[in-house]
Amino acid sequence: MGGMRVTKRMQRVGRWKARIVAGLLSVIPMSGCKHQLFLEPSDHKSALSGGLEYLEKQPHSPIPPSLVDKGGAPATALDPTRPARNVTLKECIAIGIEKGNLGIQGGVLNAGLPSDSLPLSFSGQTVGGTDSIRALVIDPAIVGANIERSLSKFDARWITSLTWAKNDQPVVNFQQQLTNGDSATLSSTFAKPLPTGGVAGITFSTDYRKFNQTSGAFNSQLNPAYTPRVQFLFEQPLLQGFGIEINQLAQSHPGSLLISGLRPSGGTTTEGILVTRIRYDQQRAEFDRQLNQMLFNIETAYWNLYAAYYNLYAQEETLKQAFELYTVIKKRFEVGTVRQQELTQTESQYWTFRRNVLEARNQILDAERNLRGLLGETSFADGMRLVPIDEPTLAPYMPDYYEQANEALATRPELIIARHDLKFRQLDLILQKNQRRPDLRFFASQDIAGIGTRLDGSDEVTTSTTGTQQIVRQNALANFANNDANSWQLGLRMDVPLGFRDANAAVRQSQLAMLRSYYQLHDAERKILENVVRQYRNVIYRHQDIILRRQTRVALEQTLALNQKLITGGAWDTNTLFNVLQVQQNFATNLAAEFQSIAQYNTTLAALEFEKGTIQRYNNVSVGDGPLPQHVGKKASDHFSARNAALKLRERSDELPLQSLSAPWDPSLEKLPAPNAGGNISLPGMPYAVPATGMPLPSGPGMTMPTAPSTPTTPMSPAMPVAGGSMMPTSQPLPVFTEANQLPSVRPWPGAQDAQAPPAVFTPIGTAHIPTRAKSGGSTPVEIPPSLPISTQQN
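Counting from 1, one number per residue, gives the positions in the sequence shown under full-length UniProt numbering.
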């Protein structure tokens, strides 16, 4: 018995456990299957700032000016210190696509500069002229809506009218009595403009008449009288305005002569259907042109900022060398081995380099302002400084000119616009020739009517008046259904202007305009080909310029080494000093020019794609109609921000196999120099000894001098403070070139990868010679504000 009680107790406990588990299982899905609701940072900011719905619902509310948030003053050349914000070119492009500005639209010339002038202009009725991508992306949507407006001229129309009237005029004779009385008319018409230019319609109407009877003579008349009627109408132009093609080209429908009050549903303020579609394609191509210009400006501004940082690095390094040389000359002047002229010459060199550093700082601020202006940001928005961290392309690129030229003729947006204009001129000539035909129209109608004293009741009744019986039609609708009264009409109407002088002049103008558009297209093609030729040459020239400038810098380094031997051997004289001063100037100039040449080479690669019209593909940007799908709607700027804020566990190398080129080139250019035994890539040492104690240095307002080093020169880092702090990011110094084919490391930031291959893919001559960016990160879509017909995506 005890065993049975234990067994039952365990069964009850088991049942309770099962119930508890079942309850938990039923609660868990209710709490875990709910999706997390959140807004992306850009969407949240856009939602808080208000949008189109607020503007629509509050048209009478004031529009206050924007406010500038309080914060620190913008950075200056004397106070450039700000936290660094590392940005990649892909991130800049993503931000620019989302909210950027086109900048100066001069093609390749003056690229990378924002439009500082306020482009807004007032034409008396409208305000326009902006270069904001957010505003320009709406233009294709505006033009695209004209297609529906043009198609609406073929929409069916429903025309309905109802009128009442009473006529009570003094009468003189018997006939005037027939006009006095009450009347009403109900008319409803359905009319359909046909694609061939004609009109088909059906009209139902009912007339009501009740006359004032003052004499027995009216007893034989129906009073009151209802007259229901149905009329079928058809009208078709036979010469002018006949045909589907003509009516798709014409601005408005020919209309109707039989249906009064028929107005076109639309198309009166737009061009023809085919022409409107051409305008939409032209506007799409114009948006592509604007987007291409913005992408090229952003990339140019990005590499200009890269070159500006290395220009500052070169000026700071030569400033340190000038300071150390001044220290040596100052010491020797005090012991009497150097004349005062040599001391003042060295001091002048120092102040020149000091000014160069100040100018280089200001150039960085200007370059950053240009980039931020193209990104739609203010220079002091986030209190940070932009630091480009992408590695530039160093490998040579040998394009196939004929492939580049044919691709430019096929994809350049300007040529697409010109070809569409020529197509419009061809279609317009067809339309103008049609206007030289007579306006001959065929029309036909059929009328079915009935009559009665009321609209309901029996069809006929027998009445007796003055002793005479007669049959009276009482139900007008029943009489209408009997189809007793059936009328029809056929006809032709022609309208001919004698001489067709206006039509002939319009045809002549259209022919001349088509000829002008043809010459304009061929001239544009010639200019595009010449632009491709120029960039084709520049690609080869810019890469060779990197090599030559590198060789120049290597020679200057060797000159510094030889001067060091002379100084060490005691052969110091005035000529040696002046030579050192000149070499320092040349070294600073060529060091900055070398990295400027690297930036120009990368800009030229983008310029070649810009001239071909393929820069969107080059930067993995695509344009499509409508908003982005929900699963790819995350803004690319938020994607980059989230990825940059993540913790780095491991970085993957960007190594890519390089295919050989048939044209000769230096194969060692793809390799970056290896560090020396100490683990660093260093600048050459100073060609003179530095004294153990520092000497007083000249100073000026706003110029805080660094102290003289107490040991021989060590490798200089770009982040060492000079005159108020450097704006260069902490990085490895530049390399010493020991081989003729080595290129310097281009890592201006700590922890950057030493890629063994440049970030570009090259194919042999004869295939598609399109440099493709090979950065990791996958596809990152960029969403232009929803509800617009154009969306831009970066892959």
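Hints may contain errors.
What the hints assert, rightly or not - No more than 30 angstroms apart at the CA atoms, straight line, and that leaves these computed lysine-lysine pairs for DSS-like:
#: 1; residue 1: Lys-527; residue 2: Lys-565
#: 2; residue 1: Lys-57; residue 2: Lys-330
#: 3; residue 1: Lys-330; residue 2: Lys-320
#: 4; residue 1: Lys-99; residue 2: Lys-57
#: 5; residue 1: Lys-527; residue 2: Lys-423
#: 6; residue 1: Lys-565; residue 2: Lys-331
#: 7; residue 1: Lys-433; residue 2: Lys-192
#: 8; residue 1: Lys-210; residue 2: Lys-166
#: 9; residue 1: Lys-331; residue 2: Lys-320
#: 10; residue 1: Lys-433; residue 2: Lys-423
#: 11; residue 1: Lys-320; residue 2: Lys-565
As the list claims (entries may be wrong) - Cβ-Cβ distance ranges computed for the label pairs, FRET-style:
#: 12; residue 1: Glu-403; residue 2: Gly-383; range: 16 to 24 angstroms
#: 13; residue 1: Gly-457; residue 2: Leu-55; range: 56 to 64 angstroms
#: 14; residue 1: Ser-132; residue 2: Leu-78; range: 42 to 50 angstroms
Just so you know, these hints were derived from the structure itself, not from any lab. Beta carbons: idealized from backbone N, C-alpha and C, even for Gly.
Item to check | Numbers of the earlier hints that this structure fails to satisfy, in rising order | outcome: 1, 2, 12 and 14
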